[in-house]
Amino acid sequence: MKIPRIENIGFMGIILAIILIFFYMILGASGMIAILGIVLFFAVPFYLMLNNFELEQDEKLILSFLIGVGLFPSLVYWLGIFISFKASIFITFAIYVILAYTFPKFLRKNHLKSD
Amino acid sequence: MKISKGHLKAATFVAVYLLALYLWTLPFQDNNIPYGEFDAISHWELGDFIAESDHTFVKLPAFLDVSYGGNNYFRPHTLWYPPPYHTDFAIISAFSPGRIVPIYLTNAVFASFILISVFFVINRLFGFMPAILSSFMLTFSLRDIMPYLWGQWVERFAYAFIPVILYCFYMYFITYSKEDNKPLYLYIMAILLAINLLIHPLVFFHSIVGLFVLGIFLAIKQRKIPFNIKQIGISLILFLVLLAIFPYQTGNVILTFTKPSSEEQKYSPLSRLLQWSLNPEDYAGSVPASYFSFKEMHGLWTLPFLLLGILVLVVRRENRDIFLLTWLISLYLIMHRDLIGKFTFLHRSLSATAHIFIPITVIGALSIASFIKMPKIYQNFAKYGLAALVVALTLIYNMPQAYSTLNNAYDSPLARLNQGQIDVSEWIKSNVPENTNVSIIGPPPQIMQKVWWMASFSHRVSHYFEGFLTWKTYEENRNETIKYHLLNDYIVVDYSDIALLSDRSFVNTWQEFEKANLANHTLLYNKDNIRVYKYENS
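Chains as they are written, first to last, in this note's numbering: chain E, 97 to 211; chain H, 898 to 1435.
Bound-form chain E, shown alone (with noise of 0.2 Å):
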C-alpha cells in the first residue's frame, strides 16, 4: 500500500508544535489539547484524502478542514445515538484514515488515476 508523501511535512510539524506551545501559554493544556483535536480530527484524514490528488498543498490543507468540519462530525453523530459518544470520534478518525489510504488502490483500480 503505498503512502503518499505530505509535502513539507518537517517544516508543519515545527508549526503545529509553535501553535501548541502559544495555546499552552495563553490557554493552558485545555486549550492546547483542543487545538491539537481541531486538527487532528478535522483537517488529518481529509488532508490524507485529497493526497491523493492534483492539488496544491494550500488548498489541499483549507479543503481538507472545510470537508473535516462537517463530513467527520456528520459520522460521529450517527454512531454516537448506538454507542459512547468518545468511541465514536476514534472510531470515526480510524474509519476515515483506513479510507485515505484505500482510496487511491479505488481509484487506481477504476482507472481514475495515474501513478
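Hints were generated in silico from the structure; no laboratory data involved.
Keep in mind that a hint or two might mislead.
Taking CB as the label site, the calculated pair distances span [what the hints assert, rightly or not]:
#1 H:GLY1024 x E:PHE107: 17 to 25 Å
#2 H:GLY966 x E:PHE178: 22 to 30 Å
#3 E:TYR120 x H:THR1241: 50 to 58 Å
#4 H:VAL1212 x E:LEU116: 41 to 49 Å
#5 H:TRP1173 x E:TYR197: 28 to 36 Å
We put the CB at the ideal spot given by N, CA and C, even for glycine.
Place chain H on chain E using the hints.
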C-alpha cells in the same frame, strides 16, 4: 531543512493568525465562565450536553425542548440546526479537559476562519501582500467581532466557506475546456456547498447567489459555459447525498425558506436600492446603531481605498478582478433581498461586508504604486510603503476599538455567572434527576441570561422562571401556577447578585415569596446566598 520564501510567507501568515486568535480569545483567557447572549447559550449547551452525556440524540432532551422544541418546523422536538457544527464542539469538548475552553476556543477558531479563507483566496489570485494585509485587517473587523461575542457563532463560521466555494467554482470554470478540465474543483464545490447548508442556511443562500453572479460574469468574459452532464450529475449526487444525512434538519430548512414572511416592505424600492446598509432605527433595542455605521465598523480612512479598489477592478477586469467584483455584487443583492419579500435576518448579512470590502480596500491602496510611472524597483518600494501605511492606519484606527471590545467583553459580574451560580448548577446536574423541572428565581429581567446559563450549565429544565421573574406574567392564575406547576419541581432562590443591584425591590418580593411558599418544603442546598428547595406536594 532549507528555509524557502514559501516557508517565510507561511510563517508570517501563522503569526498574523495567532495574533488574531490571541485577541479573539481575550474574553476567556483569564475568565473561564461562559458568556454571550441567548444564541451563545444555545450553541454552547448543545455541544456541552453531547460531550457531558457521552451520547448524541434525535429527540431533544427536556431542558432543550422547553426552549427550542418548536423550532424545527418539519419535525418538532428535534434539533433545529443540522448536527455537524455542534457535534464539532462536542468532539473537542469530549477530547479536551474542561467544559468552557474547548468549546469557546473551537468557536474562536471557527469564527476567525474567515481570515484563513480570505488569505487563501487572495493569495491564490492576487499574491501574498494583498492576502496578508487582508487577513491582518480582518483581525480587527468589528463587523465580525461583535456578532462573535454576542453569540451568532454558527453564521460566523459559515461565512468562511463562501470565498472557498467561489474559488472552487472559479477554478473549474476558468480551466474548463471540452478536452481538458478539472472536475475535482466542481466536486469539492458541491461538497462544500452541502456542508455550508448544513452549517447555516442563510449563508448557503449567500454562496448560491455568489455562484450565480460569478457564473454569469465569467460566462460573458470567457465566452464559454462549462457544461459536462456527467460532472454536473456527480456534483448534484454528492450534494444531495450529504443533505440526506440529516433529513429532519434539511426538511426544516426547506420549510423555513418557503414560509411566507409576515413582514411588509416599508421603504420605497428606489430608496432601498440606493442604500447599501440598513436603517438602525429598525433594529433599535436588539442591535446597536454603531453596527450599521461604515465609519464605526470599517473606519472612514478605508473608504477612498475601497472606492479606488472597485475602480481598479472595474477598469482592469481580469478574471481575478471579476471574482471580487461578483462577490461584491452578490452581497449587494443579498442585502436587498427584502425587495423580493425575504426579510428574515436581513441585518445578519451585513456582517459579511468586511470579508469583501477589506480585500478590495487593500488592492485599492496597493494599486496607487502603479499609477505613477517609475522604475520597477521604486515601484516595489512604494508598494511596501503603502503596505506599511495600511498596517499603520489599521493599528491607529481599527485596533484600539477591537482590542477594547474583546478585552472588556462581558467583564461585569452581572454579565456572567458568579462562582456560587456555577456551583449550584453543578450540584443540580449531579443531584437532580434528568427531565426534572428546576425553576430559578432571583436574577431580575435585566440579567435574565443568567437564568438560562444556569439552566444550560445544569442541563435541567427551567420552565417557569420567567413567570416568577416578571410578576405580571401568570398574575391572574399565580396561585394555580404555584399549586399545580411547581409540584415535583426544584426551586432555586438566588440572592447572590443582590449586592450588585441598586434596585433592591426584588429582594423583598423574593423573600416574601420564599417565606410564604417554601418554608415548609425541603431545603436541599444552602450556600453563597443561593438556596435550593424540593417542593413537596402536601
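Original post:
Is the gap between the beta carbons of E:TYR120 and H:THR1241 within 50 to 58 Å?
Top reply: violated, 42 Å
Original post:
Do the beta carbons of H:GLY966 and E:PHE178 sit within 22 to 30 Å of each other?
Top reply: Since H:GLY966 and E:PHE178 have Cβ atoms about 24 Å apart, the given range 22 to 30 Å holds.
**OP:** Using the beta carbons of H:GLY1024 and E:PHE107, state whether their distance is inside 17 to 25 Å or not.
**Re:** For E:PHE107 against H:GLY1024, whose Cβ atoms are near 21 Å apart, the range 17 to 25 Å holds.
Original post:
Does the Cβ distance between H:TRP1173 and E:TYR197 fall inside 28 to 36 Å?
Top reply: violated, 50 Å
**OP:** Could you check the hint for me, namely that H:VAL1212 and E:LEU116 are 41 to 49 Å apart, CB to CB?
**Re:** holds, 46 Å
Of the numbered hints given earlier, the model fails hints 3, 5; all others are met.
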